[in-house]
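Undergrad: From first to last, the protein sequence lines are chains X and A. Just add 37 to the spot in the first sequence (first one is 1) and you have our numbering. Just add 259 to the spot in the second sequence (first one is 1) and you have our numbering.
Please keep in mind that the hints were generated in silico from the structure rather than gathered at the bench. Do not take every clue at face value.
[Claimed, not checked] Computed spacing ranges between beta-carbons, pair by pair:
#	chain 1	residue 1	chain 2	residue 2	range
1	X	Asp173	A	Gly482	23 to 29 Å
2	X	Asp101	A	Thr481	44 to 50 Å
3	X	Met144	A	Lys477	20 to 26 Å
4	A	Pro469	X	Thr123	41 to 47 Å
5	A	Gly380	X	Met144	37 to 43 Å
[Unchecked claim] Calculated Cβ distances over 10 Å to all of chain X for the following chain A residues:
#	residue
6	Pro438
7	Phe464
8	Gly482
9	Thr485
10	Val544
Note that beta-carbon positions come from the ideal geometry of N, C-alpha and C, so glycine has one too.
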Amino acid sequence: MVIATSAYASELERIDEEIAALEAETAAGPVDVVKATAAASRGYQRATLTGDLTALCGVERAIDAAMARFGPWPDLCVLKGNVASTLHRVADARRALELAPGVAEHMPGRAMLADLHREEGRYEDALRGYRDILSDEPTWDTLARLADLTFKLGDSDAAEDLYAAAVDELSAKQMRSYAWVELQWGRMDVSRGRHDRAMEHYARANAAYAGYWLVDEHVARLLVARGDLEGAAAYLESVGRGEVHYLHHLVDFYADVREDGPEAVRWARKDLALRPNAFTRAALAWALYRAGRRDESLDAIAAALESGLRDPGILAKAATIHRAAGAATPRAPARSCFGSPRA
Amino acid sequence: MADHNDPNAVNSIFSDIDVSAADLYDIFGFASDDAEGGEKVYIALTFAPMPEAGVFDTDMLYRHRMSAHARAVPPSKQDWSLDGLLKYFDAAKDTYLGDLKPSEIRVNVGQDQRASVNFTGFPGASFSTEIALNEVTTVQTPDGHSIKAYLGGRDDAFFNDLPGFFRSINYAPQFYHVPHSMTEARELPIPKTLLELEGNDLFNFDPANPNLGRGEKKPLPTGPLTWNGDRFAKDADGNYRFVYSGKDAQAGRNINTIALEIPLAYITRSPEKERIVSTWGESWVLKAANKIETSPGHPPWLEKPLAAVRGARQDEELQRYKLVDTDGQPFADAALSEREDSRQLGASNFWLAPTFIKRLAHLGWGFGPSISALGLPSSFDHDDSPVSVHRTYPSAIAAFPRTRKTIFQELNMPDDSWNPKGLNIPLRRPFEIFVPNVCAIDMYKTGTWPFGRRLEDQVATRFLALFLDHGAQLDGKKINVETLNDPALWESAPIAPKTPPNPIANDKEFLPEFPYLAEPW
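The shape of chain A in the complex, shown without the other chains (with noise of 0.2 Å):
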């Protein structure tokens, strides 16, 4: 759910949209298990199963862009300023938009349901060739690598409480029906929080409605769409009620996906050099006029000379399509770009770094006081508030401050596994992971997150990690990023119901070998 809950103009989970083929949900990534022949990358993209399951929308283009290269160099831990973070951006910007030349493996699927694949730009070779949906295909290089394809339709790996997510944004078009012309009433001005504020009738459980936003709804009330109250909600046992259920909402749906198993050799000349690949996925409609057979004596860009000029940057297909999508981290749209369709920007999305500062510090002030009322040590400064606030930020230099420590801590992984060769290499932080929005696979690790992403990571309650102190300690444990997943931390707290935030497993076991998706339902 890079963006499950990314809502651009085509985002499905929010249900006044129709689910669209160039919905992206996730894109996944890691160094496969796999190494016999040579190290290998694993990276799928997702999507909506338009028109279904293992049935591709013959209007769209997916793009898998990808670079491997050395590690960039960020900021020294000393330097927490807004100035060395700039930098840093400013740095990664140069790389992406400059020096970076990403290959890609792009794929249309024609009327008979087979896709034409395209790998262009790998130092190997360009090449194209065409396969089957639904099926397990090796593709052979021109320069003699294997390449493992599927394209079809699998369960979707993504297991998560989505309802309890907007339920904690107090995003209204999942719980009621909002009006078209009423575009503000989506992320209602309610402190963003974990923990249901007493009073907050607009987003509290209901037992009386207990499937209000999980496929029931009710109009949108009238009356003022605001919290007024100062104190989180308590019941009777004088235990918080948590705004998760760890129920997974995902459970049983299918996805349409593009998975590859690709040898790092054919990504890059330096293997052993150029070991963090990154990755992002796209996806494109095809533009009305392209759709018809046009006048050969006229083509349409004689009339449109605009827009023949915006395109001249971009190569002959995609210039007949229109980019609608794209997927690189979890939450990195969804909880940071506020769903905006001009901030779907992939890898480019530079000039969004302050908006991501102010965004992480109003989502500090809902979550920071959440987490610090259930006695856990949270890494945004929010004054010892005892209750989540609503506050925005008009610029990034405001809301800094704030953030500072969330931004730069590094992030504790649990326990050595994710490194298993024991090597001297630095935790990941967050400016790091969201800017730029990538899936960076860092073929060192074993991909999982955010040093990739792994099927079985449960990225949505990692997210809300970035919340706690990970500069502190629990029961003599580092907080580390599955801290929120434990159990036995949420069997312990005052909340109910006591549960992780979101499931820890998906619905359905994942495969040993490729395409590693579970078998659609």
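Isolated chain X, as found in the complex (with noise of 0.2 Å):
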């Protein structure tokens, strides 16, 4: 059970109650865009923070009918171009961008731009792109962006300043930004092999906005780049109240470390029962088939396949079960809101 007090929570609770006040006031009155960009913005927001990816397909969809009723509104299009982002469809996202005049040209263009150049690979395009951003204007997100770019290419010592830089620009007013910072540099101490460093890190996204599953699930990834795997399951069993974060987790453990078929399925049951998408059809039709339930696993997996969606990891999934129950190879779906042939 989720604690009602933390800080996630009664976060998670305020974007609900503006969600529903926004829909009470659509059922009330005359929509303007105004009203139907917040709407879409509180739905990205819930989104994100929740983890839940399949929500952006809807969202997307509220998206793409504002714009039809009202135009391409510069703050659609940004959060259009941010949906695409997220799922990683640059070309889509570079489509959003360019639906409105200037909207690339302003800070949060700007910075999406500079994003979508590192996730092509030009990484000097992406370099200028946030160095100009932060001439202008020396945001903490920017700062963790450059910061995050700046490790990956070699170079840690300036990406800890920048990181420090960052942190030193969000104010109590913005705890879980910079719990959210303290774990990407945590996750560099990870990827430094500086295991102590980043579980403080850890400590005080914990302590700045507790409650939140991505703290957790980083805690998780640092045992088990600790090599304590046992630690980490219990960790997630320990801390998991009942939150689906957890559970794809446990799912992918008792799976395909332990090989526990049956204690697999278990977990991908709740799972399945807390989130009935394809994502976790696909993980129960996993454990099902690690289980040994050849024939309960591709009924699983032909419901995950039945949403339409295009994901490599359960296309390989579902290739695999095919296989050993010796049935032909699922044919892969046309289009879906996580990706297209031509994205």
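Please assemble the complex out of the two chains, which come individually in their own frames, going by the hints.
TA: Okay, here's the thing in structure tokens:
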């Protein structure tokens, strides 16, 4: 059970209240582009805060509907680009920024363009983009973006300074953002083998924004990096509190590390009950496959593929399950919000 | 409203930004009428009532900074040159950033809503005390002075037609939902003006939408956000249409305040000589990293060497906070700093001097022709333009010739009441008022603006008087800072509505005794 007083739970509750209020307003009277943008924006916030990327498909539909009605309102274009970028659909994100004149020249558009350069491997362009933004406005998020890229390009000392500068920009009114930067900083330390330092960052993140599943996920990964697989599973079980984010890690752990099919199925069913989507159906199929229950596994993977999702991980699982059952490999679906063949 | 209008990242009057306790509204300062036991200075910093009036945000730290000094020597009346002006700014900078060591009163409030108040840098003694909110407290200093303090909620002493001001500068977020990704669509490239422009449909008063900009907004139109007309609008009676309504948009609103009445002899050892008390306020918010408990064996600064070096010049407590807002002169931020975060420099705003000159020229091209159209003499050289013009300048050198008189002219006072002892003290000039960005309280005077700021001063209208020619006369009387606040002037002007731009008095009467600010609503 989620601790009701945690910062994460409180913020989620606030967003849900705002969504409910916007829905009530929408039902009661005329909707303008500002309300439509606010509703889509809250949906995006909720999806990213909870890590429920499948919900982004609904958000994208809401954005498209609003744009069809009101035209390419600049904030809607940025939001559409954000959805596409979050789903790693680089070409769609670029197209979104081009829908209204000037969007790509303003701060959110410039940051997204730099992100897209990075996604496409144009690191010099990305670096230049981040630095240009910082010369205009030293915001914590651009500092954190630049820190991450700087580290990946090999300059960990400079990345340290940038993370420090990002943290220094954040106030007591931005504790979730602070926790997020601490997690990124900690991840860098994990990559450098500085596990104790990473744990200190994670502890600060947890103290800043209690109840955040992302912190627990990072702690578990750190335990795995230390080679403490049992500890990671025990940690996830102990902090699970019924939150969906822990369950898929436990499914993976029991299915692929312990190869304990029945235990994996147990966690997969819990996850599916809370989050019935293509990913959880595929995870259940995989757990059933590990448990040797092939017919049930085939049914579950078929249900996952019915969603139209074109996810490489799911397709790989489907292929393995079908091969093991002696069935023909299923064909990939044509298009979904998670990716287009042209993207 | 030194910055009801200074929409930096927290400013609440810009409705796309949440109200924040860091949003400083005004600083008032004047020589107290109560001279019993010696001269006293009244200083009140007001800010957004968050989380509510009478309750302070515990993440905030507020600073009242002040320094008593002798009067600075301005350029001579004959030297109206840019060079002379910049030399004056340089000399003032050296004083403020060099020799001057301002004293300060620092306030933060704990979870129990008791205020911790620290007095530091005063010649008498530094000390700390703890006081309750929402009641008048007398604090005894170690050297025997008594300081009155009131920290808590009160009525907002600012009375102003803010929507009128925003209409005058074509500030879109007051009237329209401006996309966050269109940061340039704020002050639209339309001439600033006191009179409605013919065909300026984006900002002219619309009888069909009387509350537009007064709580109601529309989505920003997608069409051109410009104006292509060539004259001021007139109604069927031939009157110009005023962008101001004279209505008090702040009526019924509360603020939180830190108000103090301090003996001058506590601020300076030479109260006979150092009779200008320059004061300004600052709001600081706790840094995220300092809101949480950290491992004692691994302080954050170990991983933040650059931040630590930057912070070395600040004291230990301030390193835990981040400066958000400053407040000294009314309109120094709103009208002159163009509301940018990076310009929240308080008394250290010297490097903005060229920006002020350029901005005054930009405003002058808007307000100057409006003033002339009404038959009033303008201090701004606009080449007799028949209508307001949108013009910006790349450099202070280019802008300066236009603004010379506006910057250098002495601002007349309406009568002699500001100078009760009839002393030979020069009138103030705009360049002295806005740089540095402090409220300079003249202890020889009543402290009415620009010799301080009294609660009853209509500073928004007085600011507009900068663009009047104070060397001229109107009906046999010298133009002065109160000229535009005179209802009789508007009664006879070819304008509708016939009202001074802003209300002439607060919505609630001020109190005759400390803390002077009216009770909260």
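Undergrad: Indicate, hint by hint, whether the structure satisfies it.
TA: A quick look at each hint next to the structure:
Checking the proposed 23 to 29 Å range against X:Asp173 and A:Gly482 shows it holds: the Cβ atoms sit about 28 Å from each other. Taking 44 to 50 Å as the suggested C-beta distance range, the pair X:Asp101 and A:Thr481 does not conform, at roughly 19 Å. Checked against the hint of 20 to 26 Å, the pair X:Met144 and A:Lys477 passes, with Cβ atoms roughly 24 Å apart. Separation of A:Pro469 from X:Thr123 is about 43 Å and conforms to the stated range, judged on CB atoms against 41 to 47 Å.
Under the hint 37 to 43 Å, the C-beta atoms of A:Gly380 and X:Met144, about 39 Å apart, fit the expected range. With a minimum CB-CB distance of about 4 Å to chain X, A:Pro438 fails to clear the 10 Å threshold, and the non-interface call is violated. Under the 10 Å C-beta cut-off, the non-interface status given to A:Phe464 relative to chain X holds; the minimum distance is some 22 Å. The beta carbon of A:Gly482 sits about 12 Å from the closest Cβ of chain X, which is more than 10 Å, so the claim that it is off the interface holds.
Under the 10 Å C-beta cut-off, the non-interface status given to A:Thr485 relative to chain X holds; the minimum distance is some 15 Å. Against chain X, the non-interface label of A:Val544 is violated: not every CB pair exceeds 10 Å, the least being about 4 Å.
Of the numbered hints given earlier, the model fails hints 2, 6 and 10; all others are met.
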